[in-house]
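Q: Residue-level listing of the chains:
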Amino acid sequence: MSKPVPITQRPELGFVLILVIFGALPLVLSSYQMSIANEILIFSLLAMSIDVLAGYAGRTSLGHGALFGISTYVVTYWTSVYGGSAWLGCLLGVLAATFAATMFAAFAVRVSGVYFLLLTLALGMIVWGVCLRWTSVTGGENGIRGVGRPELIAGPTAFYYATLAVVLLMTFLIWRFVRSPFGLTLRGIRDSESRMRSLGYGTSVHMFVAFVVTGCFAGVAGALYALFNNFVSPSTVQLSQSVEGLLMAIIGGIGTLFGSFIGAAAIILLENFVSAYTARWQMVLGFMFIGTMIFAPQGILGALRWLVTRRQR
Amino acid sequence: MASLNLVQLLNGLTLAALLFIVASGFTLIFGLLRIVNLAHGALYLFGGYIGYSVTLGTGNFVLGLVASMLFVALLGLLVDQGLLRFVRGFVLREVLLTLGVAFVLNDVALLIWGGDTFSVQIPAALRGGVRFAGIFYPTYRLFVLALGIAVFVALWLLLNRTRLGALIRAGVDDAEMVEAMGINIRRVFLATSMLGASLAGLGGTIGGAFLTLYPTADSEILVFSLAIVIIGGSGSLVGAAVGALLVGLLNTIGQVMFPELAYFVIFGPMAAILAFRPLGLFGRA
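Just so you know, the protein sequences line up as chains X and C, in that order. Take the first sequence: its letter number 190 is residue 190 in the numbering used here, and every next letter is one higher. Take the second sequence: its letter number 210 is residue 1210 in the numbering used here, and every next letter is one higher.
For the record, the hints were derived by calculation from the structure and aren't laboratory data. The structure displayed is predicted, hence computed values, not measured ones. Among the hints, erroneous ones may be present.
Unchecked claim - Computed beta-carbon distance windows for the label pairs:
id	chain 1	residue 1	chain 2	residue 2	range
1	C	Asp1116	X	Leu269	28 to 34 Å
2	C	Trp1156	X	Val147	54 to 60 Å
3	X	Leu270	C	Gly1115	20 to 26 Å
4	C	Asp1116	X	Gly202	48 to 54 Å
5	X	Asp191	C	Leu1056	52 to 58 Å
6	C	Arg1169	X	Val81	25 to 31 Å
7	X	Leu88	C	Gly1089	24 to 30 Å
8	C	Gly1082	X	Arg305	39 to 45 Å
What the hints assert, rightly or not - Facing chain C, a subset of chain X residues (Cβ under 10 Å, in silico):
id	residue
9	Leu62
10	Ala106
11	Val114
12	Val137
13	Pro234
14	Gln238
15	Val243
16	Leu246
17	Trp281
18	Ile290
19	Phe295
To be verified - One-sided excerpt, in silico: chain C residues whose CB lies under 8 Å from chain X:
id	residue
20	Phe1086
21	Val1087
22	Val1091
23	Arg1093
24	Val1095
25	Gly1100
26	Asn1106
27	Ile1112
28	Leu1157
29	Ala1227
30	Ala1262
31	Tyr1263
32	Phe1264
33	Phe1267
34	Met1270
In this text, a Cβ means the ideal position worked out from N, Cα and C, and glycines have one as well.
Next up, chain X with everything else stripped away, as it sits in the complex:
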């Protein structure tokens, strides 16, 4: 999953497309459909945070769903139990996720490959276990109900555009991040860690920073989700959150960034479609994961590109 993928040739095209498509959606969608579009935006951000690590640093994380959820928990707890302001809550949520990412990263930089995946999985599941059992704070299985959004973004359309603005800003930052010399170093580490180390790069420090930064991005997505969903329970931090995020990144094409939007749209639309007919979403998700791994590990864009290049020959 660490095949080199060229940086999107025309990134400004990607931004314009996202802005136009997602910007125009409220004009044509019902409020229910708009909430789905809103969810897609939030999860695109989570998928992108995973994509930066998987596609540019060559580390597949299964812990970012938990970082996402930590932020959601903190925002919901701060606003509803403590009664604090939502804006400050969002800031605290992102900080909490970043702090947790620092802890995760301190261990995760010591390992690579499949051990990295196992470690992030184990760390993420510990977060889940704590959220489930620490009932006096997290409410256990029952979760915590939020108190609604602040006045300014209370309406669905206002919140949708606020989400779009934040996600676009974050996308721009992530894009700058992976295009920077720092991002190039990450790609060097992905391709050959030993070579980068012998060239004098502090590979551990780079991985540490990359992990913390992506954890912060996941935290922003989690804070948005807290405002969006107005409820948090252990299912927000459970493994399937990380798995869905990773699947979105993979389906959109690892290392493409903008592909995350396609992946998120595909998964969330499918989830809503499937849920209308059956309660077996977990099974569908599992089968999709198996199918993607066997048939299209390069994602939809990757599979299409492969088909096109084959036809051109």
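Fit chain C to the supplied structure of chain X, relying on the hints for placement.
A: Leaving out everything else, chain C in the frame of chain X:
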């Protein structure tokens, strides 16, 4: 520390015995096949449900044990031959595929047995308790402890005293070399993956009788197994035993001292070991 008495120590040891049974299968598959089977927790849960149903239907606990081991071994075979063969050699794709299998299996289990909590029926001979050293302790838990030790001894003998064991150990060190010696390593792989899976099934039935079975039990067992393998090192039987003891005892201490944050306690040794020995206590590169 007056609260940590003999009963709690025994509780920790019996949990460790169960965890060892499950994690030894996990570490064997990881060490030899280089496959991190994230469906191992789901296999445990599935085995437990099978054991529960068969024991309930026939009234025979041993039959339940055998059925769960056989069924889960078959399931392991099916996953290996039916799915994993398509992604061989791509480590990450293998791992993520087993994760997909875990999701499917869990949902199938939820579909068949529903979301209620079940407990495998304990045979009459193991019910009740034993009085010794001034305490009264459930017989069944002592049986689990004995079984854990028996499984350790049996696996140790299998690995160190039989031809198959020699092949498995050789395969852990260098599978290609073994193949070059004219041995069909694929058959050894298959035997190992079925053995590993059947241990998960055994663990499911054994554990289902005292930890009960419920839809998220697989995740809990998987975290424990992961922690044990991270602590002990992949492919090492002794590592799995030491890891299981550490995790089992620490979890019990954690539950006594900080009931709500017990989960967090296994985090400590894992972190410490990663800091000093990234490959685990008994792991080799």
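Q: Taking the hints in turn, state whether each one holds.
A: Verification of the supplied hints:
The hinted window of 28 to 34 Å between C/Asp1116 and X/Leu269 holds, with their beta carbons roughly 33 Å apart. Between C/Trp1156 and X/Val147 the C-beta distance comes to about 58 Å, which sits within the given range of 54 to 60 Å. X/Leu270 and C/Gly1115 have their C-beta atoms about 24 Å apart, which keeps the hinted 20 to 26 Å range intact. For C/Asp1116 and X/Gly202, the hinted distance range of 48 to 54 Å is satisfied, since their beta carbons lie about 53 Å from each other.
For the hinted restraint 52 to 58 Å between X/Asp191 and C/Leu1056, the CB-CB distance of approximately 55 Å keeps it satisfied. One distance hint, 25 to 31 Å for the beta-carbon pair C/Arg1169 and X/Val81, is violated here, with the actual separation near 55 Å. Between X/Leu88 and C/Gly1089 the Cβ separation comes to about 50 Å, which falls outside the hinted range of 24 to 30 Å. Against the hinted window of 39 to 45 Å, the Cβ-Cβ separation of C/Gly1082 and X/Arg305 comes to about 29 Å, which falls outside the hint.
For X/Leu62, the interface hint holds, since its Cβ comes within 10 Å of a Cβ in chain C; the closest pair sits about 8 Å apart. The beta carbon of X/Ala106 is positioned within 10 Å of a beta carbon in chain C (closest approach about 8 Å), and the interface hint is therefore held. A least Cβ separation of about 5 Å between X/Val114 and chain C falls short of the 10 Å threshold, and the interface hint therefore holds. For X/Val137, the interface hint holds, since its Cβ comes within 10 Å of a Cβ in chain C; the closest pair sits about 8 Å apart.
For X/Pro234, the interface hint holds, since its Cβ comes within 10 Å of a Cβ in chain C; the closest pair sits about 9 Å apart. Because the beta carbon of X/Gln238 sits about 8 Å from the nearest beta carbon in chain C, less than 10 Å, this interface hint is met. Hint status for X/Val243: holds, given a least beta-carbon distance of 6 Å to chain C, under 10 Å. For X/Leu246, the interface hint holds, since its Cβ comes within 10 Å of a Cβ in chain C; the closest pair sits about 8 Å apart.
A cut of 10 Å between beta carbons decides the hint on X/Trp281: the least distance to chain C is about 8 Å, and the hint holds. With 10 Å as the threshold, the beta carbon of X/Ile290 comes within range of chain C, its nearest partner Cβ sitting at about 4 Å, so the hint holds. Checking X/Phe295 against chain C: minimum C-beta separation of about 9 Å stays under 10 Å; hint holds. Interface hint at C/Phe1086: satisfied, since its Cβ lies 5 Å from the closest Cβ of chain X, which is below the 8 Å cut-off.
Contact between C/Val1087 and chain X, as hinted, is supported at the beta carbon level, the nearest pair being about 6 Å apart and thus within 8 Å. Given hint, C/Val1091 at the interface with chain X, holds; its Cβ is 5 Å from that chain's nearest Cβ, closer than 8 Å. About 5 Å separates the beta-carbon of C/Arg1093 from the nearest beta-carbon of chain X, less than 8 Å, and the hint is met. With a cut of 8 Å, the hint placing C/Val1095 at the interface with chain X holds, because the nearest CB-to-CB distance is about 6 Å.
For C/Gly1100, the interface hint holds, the least distance from its beta-carbon to any beta-carbon of chain X being 3 Å, beneath 8 Å. Nearest Cβ of chain X to the Cβ of C/Asn1106: about 7 Å, under the 8 Å cut. The hint holds. Nearest Cβ of chain X to the Cβ of C/Ile1112: about 12 Å, over the 8 Å cut. The hint is violated. For C/Leu1157, the interface hint is violated, the least distance from its beta-carbon to any beta-carbon of chain X being 29 Å, above 8 Å.
At a threshold of 8 Å, the smallest CB-CB gap from C/Ala1227 to chain X is about 6 Å, leaving the interface hint in force. A hinted interface residue such as C/Ala1262 counts as satisfied when its beta carbon comes closer than 8 Å to some beta carbon of chain X; here the least separation is about 7 Å, so the hint holds. Checking C/Tyr1263 against chain X by beta carbon gives a least distance of about 3 Å; that is within 8 Å, so the hint holds. Taken as an interface hint, C/Phe1264 checks out: its beta carbon lies about 6 Å from the nearest beta carbon of chain X, inside 8 Å.
Against a cut-off of 8 Å between C-beta atoms, the interface hint on C/Phe1267 holds, since the closest Cβ of chain X lies about 5 Å away. A cut of 8 Å between beta carbons decides the hint on C/Met1270: the least distance to chain X is about 7 Å, and the hint holds.
Going through the hint list in order, the structure does not satisfy hints 6, 7, 8, 27, 28.
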